Amino acid sequence: DAGVTQSPTHLIKTRGQHVTLRCSPISGHKSVSWYQQVLGQGPQFIFQYYEKEERGRGNFPDRFSARQFPNYSSELNVNALLLGDSALYLCASSLGGKETQYFGPGTRLLVL
Amino acid sequence: GEDVEQSLFLSVREGDSSVINCTYTDSSSTYLYWYKQEPGAGLQLLTYIFSNMDMKQDQRLTVLLNKKDKHLSLRIADTQTGDSAIYFCAERGGANNLFFGTGTRLTVIP
Chain A
75 DAGVTQSPTH LIKTRGQHVT LRCSPISGHK SVSWYQQVLG QGPQFIFQYY
125 EKEERGRGNF PDRFSARQFP NYSSELNVNA LLLGDSALYL CASSLGGKET
175 QYFGPGTRLL VL
Chain B
2 GEDVEQSLFL SVREGDSSVI NCTYTDSSST YLYWYKQEPG AGLQLLTYIF
52 SNMDMKQDQR LTVLLNKKDK HLSLRIADTQ TGDSAIYFCA ERGGANNLFF
102 GTGTRLTVIP
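Residue numbers (my numbering), protein chains in the order written: chain A, 75 to 186; chain B, 2 to 111.
Looking at chain A on its own, in the form it has when it is part of the complex (with noise of 0.2 Å):
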């Protein structure tokens, strides 16, 4: 079976521009977290969807915004860019909203 998998690997992008990052679950799972890891440090949560609700959100402005289709697949997008958002964006897919959280590869956003 295949993990979690997110779409593109990398990415650059300049201030002020807007972004769409794509989470796809391990098959069966049915919520999807996202994450942000700047260099050097922890993975700090973002949000968390569950049966396509928002079930958790973390301290991050209101650019952030994600949402989750019927398919259970996940988009994360930001709206005006700034340098402090590169970082790489990790999405966790899990079975219910209350199990172990298994990570894809990462999208590495960079912000010039």
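Derived by calculation from the structure, the hints in this document are not laboratory data. On a predicted model such as this, the values are computed, not experimentally measured, just so you know. Please note that the accuracy of each hint is not assured.
To be verified - If you want the footprint, here are the derived chain B segments under chain A, 3+ residues with CB under 8 Å:
#: 1; stretch: 26 to 40
#: 2; stretch: 44 to 54
#: 3; stretch: 97 to 104
Even for Gly, the Cβ is constructed at its ideal location relative to N, Cα and C.
Got chain A sorted already, so can you dock chain B onto it with the hints?
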């Protein structure tokens, strides 16, 4: 709020045991996790422990949990060069979000 702390670096010789330590603050955490991250990659789940357990062993990995001191450790027996990576301790928050430490960079010297 939750706070997870780890030492930043650890070096061991190939074949020795490695012990990576972590302290956490949320005494209500039900699960604690260890993840491994190799350069340029995502996080690989290594093992986890439920809060009512003191120890869990899985092949070369042993997890010890001291709930009184809020201390978690990961012991890797017979450490190999392929174990060189960053190891993250994480506790599960109330909304199933994970709180991670800053990671411990393990370097295995041949």
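Do the hints match the structure? See the list:
| no. | hint | in the structure |
| --- | --- | --- |
| 1 | 26 to 40 | holds (count 3) |
| 2 | 44 to 54 | holds (count 4) |
| 3 | 97 to 104 | holds (count 8) |
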